[in-house]
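Undergrad: Given next are the chains, with one letter for each unit.
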Amino acid sequence: MVKAKRVSSSDTSLLDPASPEWDQVGAVELPLQPTPLGSQPSLYVQAKWIEKPYGVTQHVSVRAAHNGERLYFRLSWADDTKNDFIRDTDQFADAAAVLFPVNGAAPLQSMGTSEAAVNAWYWRSDLEEPFSVTAQGIGTTKRTQDPELAAKGAYGDGAWSMVIRRRLAHAADASFSHSQGRVNLMAGASELVGFAVWQGANQERGGLKAITPDWLALEIEA
Amino acid sequence: MAPEPPKVKRQLAAVFDMNKCLGCQTCTIACKTLWTDEEGMEYMWWNIVSTMPGKGTPKDWQELGGGFPNGGDPKPSRIPTIKEYGEAWEFNYEDVFYGGNGMSQHLQPKSGEADWGAQWDEDQATGDYPNSYFFYLQMICMHCTNPACLAACPRQAIYKRVDDGIVLIDQERCNGYRFCMEACPYKRIYFNHTKKVSQKCILCYPRIEEGVAPACFRQCPGRVRFLGFLDDEDSAVHKLVKKWKVALPLHPEYGTQPNVYYVPPLSPPRFDDDGDVIEGSERIPRSYLESLFGPDVDRVLDTLKAEMEKTRNGDKSEILDTLIAREWKHIFGGFTKDPATLRRPT
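First to last, the sequence lines map onto chains A and B. Counting in the working numbering, the first sequence runs without a single skipped number right up to 797 at its last residue. Counting in the working numbering, the second sequence runs without a single skipped number right up to 377 at its last residue.
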């Protein structure tokens with residue numbers, strides 16, 4: 576289970592992965608596994624990666640907090656190489672995402688279905704802004720800019736630390752709706768969450784990633 | 032097995048007559064100035080004319096895999112590096128021409144001494160003088176009947192137009208994963224480093240839609256490039272590919288069924304040790320041409336030689352008349368409208 580602790584810290588401090596404010600929030604170590612090769616949507620990808628390991632990130636350490644206004648996830652994971660700029664055609668950037676089912680029936684492994692979407696907050700180390708991503712099955716992701724999303728990554732000692740956050744919804748919030756392909760999260764709510772990590776040095780991109788095997792319970796403290 | 036090809040109503044195809052190519056790269060520059068002159072596209076050559084035998088662009092692309100060899104499973108490949116494509120160098124002009132160091136500095140890329148670049152082996156012949164030889168290979172996207180790039184994309188960002196078979200990368204759907212760059216066996220796809228998406232030859236589809244031949248076809252001073260629908264029996268392309276069968280796909284064994292066809296190069300004869308012509312000999316080894324165009328190349332070259340013999344004897348050759356293209360309007364399959372009537376898309 577991932578518990579988002581209510582804290583009284585500022586947006587600036589919580590957005591900083593190195594901030595001591597994060598010391599007050601407990602971490603959970605979550606095992607990750609590669610997405611199944613058979614579910615990669617192109618035969619080329621399957622042929623290329625059958626003998627090549629991908630989704631090589633084995634664990635992600637997750638802390639979650641909110642300050643009543645915004646919900647923050649701080650992810651950290653081991654990565655031998657910092658890939659935060661695409662210099663050459665064969666280079667890819669490190670990335671991570673926090674995923675939510677837009678309704679409870681959306682399967683994580685297939686990135687939702689045509690009836691049940693998933694929503695991800697997607698951070699890539701070479702991009703200025705994170706994306707909000709919606710998907711209704713593998714290969715269907717749509718990226719949109721979301722002004723309420725922000726993220727900050729820091730690399731050091733062979734590991735990435737990254738904070739990504741978005742505004743919390745309020746009960747009186749007219750936009751509180753799961754139907755728009757974006758998940759709106761409220762203080763006091765019980766939700767589901769998943770995590771994914773891409774290692775750029777291993778040319779991981781798209782469906783080639785390490786992911787939590789299934790949804791985890793997310794408790795957002797009231 | 033290779034996936035089922037996407038269904039189209041008609042297929043536009045090209046024939047490049049290698050015997051007429053001067054290697055002037057007017058086609059290359061026509062494309063460059065029209066389509067790839069923006070930031071992030073500096074190193075792109077959607078059209079390139081390589082010297083063969085040679086390593087091509089990107090370097091050694093024929094060795095990299097991709098495609099569906101002999102109609103089988105996709106063959107793994109890799110993304111060529113910028114260096115292999117050929118870096119768009121910045122040169123030290125300031126030092127050499129304006130810095131007063133013209134006698135001590137030589138012109139070179141700012142990134143340092145180079146040992147490879149696009150067209151690095153241009154006009155380098157193979158074999159020993161006086162029997163050395165080379166010829167030009169004109170490359171664009173092959174707009175394949177069964178595109179490996181399209182099949183490799185996990186997002187269906189690549190599509191084949193139903194009305195003309197042109198293969199396009201949807202720039203909105205593309206996420207820059209670059210599986211297409213790996214899977215294309217002809218390595219005709221580039222990565223735009225500014226827009227972070229894959230890009231390639233679009234067969235000038237905005238011109239096609241207005242009845243205008245693509246820029247590289249229209250601007251070729253040698254009238255090397257023929258265009259037409261494969262099923263248009265009046266088009267030179269149909270006649271050369273389907274009726275007379277004197278134009279062949281490049282590397283048919285790659286299994287993607289390319290829609291650019293080549294009239295293979297004839298050879299001058301070899302000289303013997305005394306400098307005398309060896310009658311009936313050919314400078315370019317047939318085995319090398321077979322490695323490019325498959326076993327049919329023998330039949331095609333023999334046909335072309337027989338047709339040339341006919342004209343020497345005073346007979347007419349419909350094949351040669353078509354290839355000579357005395358009237359330029361006859362080579363574009365009806366796509367003959369004046370490009371000056373078009374506005375450049377923004």
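Careful, some of the hints might be misleading.
In the DSS-like style, the derived pairs of lysine-lysine whose C-alpha atoms are separated by at most 27 Å in a straight line are [said to hold, decoys possible]:
(1) Lys114(B) - Lys717(A)
(2) Lys114(B) - Lys627(A)
(3) Lys114(B) - Lys657(A)
(4) Lys227(B) - Lys717(A)
Just so you know, the hints here were simulated from the structure itself, not pulled from any lab data.
Undergrad: Hint by hint, which ones does the structure fall short of?
TA: Failing hint: just 1.
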